[in-house]
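There are 2 protein chains.
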Amino acid sequence: MSKFLASELKALGASVELRELGKQEGTDVDLPPIVLARYGSDPNKRNILVYGHYDVQPALIEDGWNTKPFELLEKDGKLYGRGSTDDKGPVIGWLNSIEAHQKAGIEFPVNLVMCFEGMEEYGSDGLDDLIRAEKDKFFKGVDATCICDNYWLGTSHPALTYGIRGCSYYSLSVSGPAADLHSGVFGGMVSEPLIDLTHLLSKLVSPKGKILIPGVMDLVAPLTAEEDEIYDKIKYSMQDLYDATGSQTNLYETKKESLMARWRYPTLSLHGIEGAFSAPGAKTVIPAKVIGKFSIRTVPNMTPRELDELVFKYINEIWAELGSKNKMEISLLHDGMWWLSSPNHWNFEAAKKATKAVWNVEPDLTREGGSIPVTLTFEEELKRNVLLLPMGRGDDGAHSINEKLDLVNYINGIKTLSAYLHYASVEPTA
Amino acid sequence: MSKFLASELKALGASVELRELGKQEGTDVDLPPIVLARYGSDPNKRNILVYGHYDVQPALIEDGWNTKPFELLEKDGKLYGRGSTDDKGPVIGWLNSIEAHQKAGIEFPVNLVMCFEGMEEYGSDGLDDLIRAEKDKFFKGVDATCICDNYWLGTSHPALTYGIRGCSYYSLSVSGPAADLHSGVFGGMVSEPLIDLTHLLSKLVSPKGKILIPGVMDLVAPLTAEEDEIYDKIKYSMQDLYDATGSQTNLYETKKESLMARWRYPTLSLHGIEGAFSAPGAKTVIPAKVIGKFSIRTVPNMTPRELDELVFKYINEIWAELGSKNKMEISLLHDGMWWLSSPNHWNFEAAKKATKAVWNVEPDLTREGGSIPVTLTFEEELKRNVLLLPMGRGDDGAHSINEKLDLVNYINGIKTLSAYLHYASVEPTA
Chain A
49 MSKFLASELK ALGASVELRE LGKQEGTDVD LPPIVLARYG SDPNKRNILV YGHYDVQPAL
109 IEDGWNTKPF ELLEKDGKLY GRGSTDDKGP VIGWLNSIEA HQKAGIEFPV NLVMCFEGME
169 EYGSDGLDDL IRAEKDKFFK GVDATCICDN YWLGTSHPAL TYGIRGCSYY SLSVSGPAAD
229 LHSGVFGGMV SEPLIDLTHL LSKLVSPKGK ILIPGVMDLV APLTAEEDEI YDKIKYSMQD
289 LYDATGSQTN LYETKKESLM ARWRYPTLSL HGIEGAFSAP GAKTVIPAKV IGKFSIRTVP
349 NMTPRELDEL VFKYINEIWA ELGSKNKMEI SLLHDGMWWL SSPNHWNFEA AKKATKAVWN
409 VEPDLTREGG SIPVTLTFEE ELKRNVLLLP MGRGDDGAHS INEKLDLVNY INGIKTLSAY
469 LHYASVEPTA
Chain B
49 MSKFLASELK ALGASVELRE LGKQEGTDVD LPPIVLARYG SDPNKRNILV YGHYDVQPAL
109 IEDGWNTKPF ELLEKDGKLY GRGSTDDKGP VIGWLNSIEA HQKAGIEFPV NLVMCFEGME
169 EYGSDGLDDL IRAEKDKFFK GVDATCICDN YWLGTSHPAL TYGIRGCSYY SLSVSGPAAD
229 LHSGVFGGMV SEPLIDLTHL LSKLVSPKGK ILIPGVMDLV APLTAEEDEI YDKIKYSMQD
289 LYDATGSQTN LYETKKESLM ARWRYPTLSL HGIEGAFSAP GAKTVIPAKV IGKFSIRTVP
349 NMTPRELDEL VFKYINEIWA ELGSKNKMEI SLLHDGMWWL SSPNHWNFEA AKKATKAVWN
409 VEPDLTREGG SIPVTLTFEE ELKRNVLLLP MGRGDDGAHS INEKLDLVNY INGIKTLSAY
469 LHYASVEPTA
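In order, the protein sequences belong to chains A and B. Counting in the working numbering, the first sequence runs from 49 upward without gaps. Counting in the working numbering, the second sequence runs from 49 upward without gaps.
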């Protein structure tokens, strides 16, 4: 995919470099290269940096896809396929914008600085280092950044996003016997790692979503009166949530509580267990080593290190209470910091005008529950405003089966990206 | 293997039939035939039924075998190879016994009725039906049954086995959203099935192995003074448990408690979760539907239906307490009944004398934690005592890599089987 992007960009006249990152830490596997490209170098134009990623979540047809996940299919006005909305569709959207200008004979309004990576779904290995190393080289002169890698809140109203939660992802392993055991022979004689792990996991969060780790909520910024007012204005309803999840399994009964849970409070999710029996059918095994995976979405003013300290301390305490002879290990797999920006910057104003021009409505100003850690890195390292300008809808199923991008979102998305670049170009830097 | 057995048995003068069982249910694959053979038909001799199986567990050298799993290798007094102890070695042992009598010119003491199947490792498909259909035909006149398909408790002392636990295997599913969700986007807004499931599973059994389902322990037969005395005599030590599990994660500190936990009390094991993230690495998914797998090993006087009722009632109660909007389903995947025989029957007395004659020790009288369902079918259908007379040791690695049978166990095993038949023949039926 990186080679495909490079060759398409070159065909459009951009300068391109595939930046190699070396091996993934602790492995013999080459990291996928980062595509660094620049289209235009007019000193009288603004330099707009756009970021996207060409890697995707894993997908197997056995997961429940209706069509082959890696063959793009257009059906009923939707483009189905892994990566359609996250994030291959939007990445291609930037290329489409260049191509559209060329075909229409319209001068491209800015110098487009492009950074497309291939490790976003696995923590953007190597990207932060590259941004830091290149901030006064490749990224020198960037006036603002636009990231097209998130979604409208619902399914009908465009949005601009000025905040995202962070994410700290933990691995909690419990091990006992040297190898898996037969539960008939050893069940009752030995301490089972999976029983211990289940007890630990059940003490992290309540079924009502309450984080049970003491101190975590104390790290959260208090709600201001100003913020308290914004939720009612957002175009979102409980029905949007029901539609997006295909269920009525909401934890809260109101839009406001739901949005606050998604945007401004931390949440703890359990993702799964590695090492236990996970296939269909029945197997009478006592798994020897099991690894629980959970993550905490973080918000202002939490810091990852403070959170780690609370998590590790609490898990060690509840582990001690179990009194198990098994071995427990808790570790952080990766983290990313939350981000909160100002939606009144000219970068956002340009996107508001573009949205109005293409969709004929004012965009919702939203925050995101999910994390895009690179957002913060770009803002902190380049000292320039970052805008999140989503292309897809809230029901696109980014990390799920049958991922899709509505065709109208793709086409109008390309128009919105293009219009944004035009509105962002009107006050060229000296 | 069935044809090899048939031809060897014919060469020894036995009458043999390869009984075809048709296709495996839901497939186009022929089930392996059951070898039904009879050696001798003297009406003045007892008819002893012996059972074994010629199929084996899967094995690949890549699993970690030191030698090719399907080439028998004798090394350091051990016979290595898949099936050496489970159960090809013991099956061949019966043929060796016939051959030994012929070569020594000694009259065979009983009529040997043989039933060797080829589906034991996959649930003995078709065997129960065959036993029921043939109980008044091929199996007519059987005076007692001997099954050579289990193991000594430890590695140094011969054993006879008179009890096995049953197993009831359950599936506990929780489902919510229509598809997996992104934990960043929806974490905190929706009720997560895996959080609910973890809470349910943690309420089934304590880390100390205590079953938390009310009423289950009330179904267990009380410990009699007589039984209470037997455990101390068993040749088994905590070191045997440490060696077998490669760990010191024992729930009990004494041999007696450990053996009681394995033999005479029910235990609940958690096996795993289907539908959650189970691969290495990190995935920020909220799984839409997760299925917990657990089983309860059953003992006298529990009945599967009474147990089901307690399990279903309790799980429905703790589910109601969670107050979740997700959907929960609990179901039984399969069950097998426990079996407990009398170790004072003449069938066992004959095996005790044989063990004493060959090994010069009294055998341990053991029960098994794991299940061999056909044991119960033979006893119930033929109404005759069943004896489990193991040939191999507790560390043979029956379902593991580097499966072996000690040469001394093989040779002395053949002698023990032969001596057993002689002692079992002394009170011929009229």
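Hints are not guaranteed to be accurate.
Same chains, same label: a pair holds when it works inside one copy or across any pair of copies.
In silico DSBU-like pairs for lysine-lysine, Cα to Cα no more than 30 Å straight-line [stated by the list, open to error]:
no.	residue 1	residue 2
1	Lys303	Lys331
2	Lys304	Lys331
3	Lys281	Lys375
4	Lys373	Lys303
5	Lys256	Lys361
6	Lys258	Lys463
Hints were generated in silico from the structure; no laboratory data involved.
Outcome of the hint check:
no.	hint	in the structure
1	Lys303 <-> Lys331	between (43 Å within a copy, 27 Å between copies)
2	Lys304 <-> Lys331	between (45 Å within a copy, 28 Å between copies)
3	Lys281 <-> Lys375	neither (50 Å within a copy, 33 Å between copies)
4	Lys373 <-> Lys303	between (46 Å within a copy, 17 Å between copies)
5	Lys256 <-> Lys361	both (23 Å within a copy, 23 Å between copies)
6	Lys258 <-> Lys463	neither (42 Å within a copy, 63 Å between copies)
Of the hints listed earlier, those the structure fails to meet are numbers 3 and 6, in rising order.
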